Amino acid sequence: MNGYHISQLAKRYVEHDMIQAHTELPAFPNARVELMFAFLNRSKPIAEHSELFALVTSLVQVGLDTHDTIELAAVQHNDRNLRSRQLKVLAGDYFSSRFYNLLAQQGQIDTVRALSQSVCDINRLKMTMVDKMKHWTMTAEEYLRASVTLKKSLFQSFNAQMNQEDISTWEELLDSLTELEVLEREQDRADHFARFEGSWSYWHVWQQGTDEERRKLKQKLVDEMLWNALMSKYEVREQLAYQVRVSRDKLHTLAVTLPLDESTRQRLDAFLALPRL
132 MNGYHISQLA
142 KRYVEHDMIQ
152 AHTELPAFPN
162 ARVELMFAFL
172 NRSKPIAEHS
182 ELFALVTSLV
192 QVGLDTHDTI
202 ELAAVQHNDR
212 NLRSRQLKVL
222 AGDYFSSRFY
232 NLLAQQGQID
242 TVRALSQSVC
252 DINRLKMTMV
262 DKMKHWTMTA
272 EEYLRASVTL
282 KKSLFQSFNA
292 QMNQEDISTW
302 EELLDSLTEL
312 EVLEREQDRA
322 DHFARFEGSW
332 SYWHVWQQGT
342 DEERRKLKQK
352 LVDEMLWNAL
362 MSKYEVREQL
372 AYQVRVSRDK
382 LHTLAVTLPL
392 DESTRQRLDA
402 FLALPRL
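Under the numbering used here, the first residue of the sequence shown is numbered 132, with each subsequent residue one higher.
What the hints contain is simulated information worked out from the structure, not anything from laboratory work. Each hint should be verified, as a subset may be incorrect.
Each computed BS3-like pair below joins lysine-lysine, with the alpha-carbon atoms no more than 27 Å apart [to be verified]:
1) Lys-364 <-> Lys-351
2) Lys-263 <-> Lys-283
3) Lys-347 <-> Lys-364
4) Lys-283 <-> Lys-351
Keep in mind it's a predicted model, so treat the numbers as computed, not measured.
Whenever a hint applies, use it, and build me the whole structure from the sequences.
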């Protein structure tokens, strides 16, 4: 298949006129889902279902990400359009529930169970993150690692069905790929004051900041002028740019050195060649 073919299959479920007219959905997890498809397709017992498994996993992930945008908007006091928020709730529920129907039609009850368990695990991790944030015990590195775990967990639901000799390679690539995606998202957030709260940049400043700066963070007294000063003082964008470069180099090295089939290598090369914001 050429390009991101799972996203093409998912269009019939995620593209609705009402949703597109009144709200914006999160980005489709192209790289992760195509990488998972490539590894599932290498396992003969499940190869015939690899497309289905990749599709339903992507729908669940889009559902989770859609709900996350609602929570983020509530924290940042954005997205005040009631219809938009209502549609995001409904869209997230719809995307997350479609996998039941698609898998049940194929008699894949064990897969329903595996994905449902992953969603439970993800929600538990989210609660742990929220608790650490509320108690101001979160660090930038902990935030990064937890974010990576949140974004990759769903795609690990099928590990037991993959070729055992592929597991370590799959895990290494998935972690590296997801880390790069998270860092690039945080790099984009670092350019927008409205997206500062709760970001990697926020927790980096919290770690490095003075007592007075921490007090202002706690009391939500950071305006755009102070934000600009803090971002410059603690070289936040430079730190993120460095981490992105390191992460991309690591993924590129893995793509070159690991024993990958041509299909998997092409998918990684396509992702690494994409222009970055």
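Outcome of the hint check:
1. Lys-364 <-> Lys-351: holds, 19 Å
2. Lys-263 <-> Lys-283: holds, 21 Å
3. Lys-347 <-> Lys-364: Given pair Lys-347, Lys-364 holds - Cα atoms ~16 Å apart, limit 27 Å.
4. Lys-283 <-> Lys-351: The hint is violated at about 31 Å.
Against the hints set out earlier in the document, a violation occurs for number 4 only.
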